[in-house]
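Generate coordinates for the entire structure from the input sequences, incorporating the hints supplied.
Those sequence lines, one after another, are chains A and B. Oh and the first sequence: position 192 is 192 in the numbering used here, straight run, nothing missing. Oh and the second sequence: position 290 is 290 in the numbering used here, straight run, nothing missing.
Since the hints were made in silico from the structure, they are not lab data. Positions of the beta carbon are idealized from the N, C-alpha and C atoms, including for glycine. Please note that a few of the clues may not be correct.
Reference listing, derived: stretches of chain A covered by chain B, where coverage requires no fewer than 3 residues with Cβ under 8 Å from a Cβ of chain B [to be verified]: (1) 27-37; (2) 58-72; (3) 131-137; (4) 149-157; (5) 178-189.
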Amino acid sequence: MTDTKSEASREDTGNRLDAPMNASDVEAWFVREVLPLESMLMRFLHQNWRNKADIEDFRQEIYAQVLTAAETGIPERTKPFVLTTARNLLIDRVRREHVVPIDAVSDLDALGVAIDEPGPERNAIARDVLRRLQDALDRLPPRCREAFTLKRLEGLSRAEVAQRMGISERMVTEHMAQAVCALADMLYGEPLDPRAKP
Amino acid sequence: MSEPAMSAKDINSQAATWLVRANSEDWSEGDRTAFDSWLAQSPAHRAAYWRLKAAYVETSRLQALRRPEQGRVVTRKSALPFLAGAAAAAVIAGVIGVATINFAPQPSQTYSTQIGGNKTLALRDGTRIELNTATSVRVSLTKTRRTVWLDKGEAFFAVAHDASRPFIVMVAGHRVTDIGTKFLIRHDPARLEVAVVEGKVGFDSSDLASRAQPLQLAAGDVLVATPHAITVKAKPREDLASELGWRRGMLIFHHTTLADAAAEFNRYNGRQLVVDDKAASLTINGVFPKNDVPAFVRLAQAILKLHVEDQKHRTVISR
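Rendered as structure tokens:
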């Protein structure tokens, strides 16, 4: 079983247009097309990889590969491109590590179907974004939320936030940075409907 | 593909720190250079940074949910009765009541308004800048040039012509150059609009490589730039007038869809209007004080016969 699965072949990641792209086009494409797929990508990685500690690195590596490719030409169809990149990364990893975790690649074949389905992700994100943002803000650690709210939403300067919270300006930056990381994870990485969580 | 030298967590936290610093007051030219080279170092850096930046940009929508604070930098609030008390209190508290500010020539100074705010800057060169709701500009006047960065929001510029000192507005990576004129710039997260009321302006886009030649815009021209395209069209006078209605505290709708009208109100008010899909495409005409959400809701209820439901921070209008 695992043998045939681990030999699942790498797939070509699809057609691309050939003009080199400038950075702002690539960024706009990445934000518009790739980020809305993140919750699906994370679900796929969680389903297909046992060691959860690897997942954030995988996501990062997949995005880096996707961008490297997009910088020479934006892929025509984003979802199959991202998923195939993810699939190839997992296959490479399985091969490199020799030891095949039994369920590491269990869903790779089933993925062939999922890759071609047009997803509702993007629309769902746009519709829901305000509620999701508010929810994400509510779930930040209290000090992060306070710093973020004062600085970003109420427009206080960093010095003013530091004074208001009784901390150093450097700590304000740290709280803000932590808040942004957590918000991005909640906004992009989580299932679209939190009630649907297992 | 080789093993990444740094973990995703490390890269992510570097990216977050850059993002926060880039949005701080003391971001310098040196910081910018260091940041650019960090960003150019690897696609992993760009992925992490762009992802966090996108989330950060999205959070601007949360600003719209917050009520304007009283007595902060907003110097002039609407003259509507229910806000008059707040405005009077602000004056008594020593906040500048009449919004005229003289600039000394200095590196760059930031001026901003909160949601629902409105402020007029009178520059020493005779130029006037009117800031609309939730707007932030930085101004730098030197002997050789006048530069304004419109970081967010909307501003109307009436520029005093001075051939020896070009007047330049930097907005979202684009450059708008005045040639003695009046114009309006609106900078939303995903969209930039430049409307020329009088005279001529030049528009030079550093973002779109395809657009090498600067564009010339004449009176009546409206330019719209999105991350994908730049379009220019001439607008009828009444459309232009409605875009400028906010300068008189009014929102002017002319064959405007209910969804667009609600979005306009939402720029100025803490209580957000939500219009369901079925009602969204109805069109209306009318003039409303920008803070008078109840009047708009009454119109929806009484004239368009729509269903209205007040929830915690928002009012839902449905068919």
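For each hint, the structure was consulted:
Residues of the segment 27-37 of chain A with a Cβ under 8 Å from some Cβ of chain B number 6, which satisfies the need for three, so the listed coverage holds. Given as covered by chain B, the segment 58-72 of chain A passes the check, having 10 residues with a CB less than 8 Å from a CB of that chain where 3 are the minimum. Check on the segment 131-137 of chain A: 3 of its residues sit with their Cβ under 8 Å from a Cβ of chain B, so the three-residue criterion for coverage holds. Counting residues of the segment 149-157 of chain A whose beta-carbon sits less than 8 Å from any beta-carbon of chain B gives 5, enough to reach three: the coverage restraint holds.
Note: the segment 178-189 of chain A has 7 residues with beta-carbon separation from chain B under 8 Å; the three-residue rule is met and the coverage holds.
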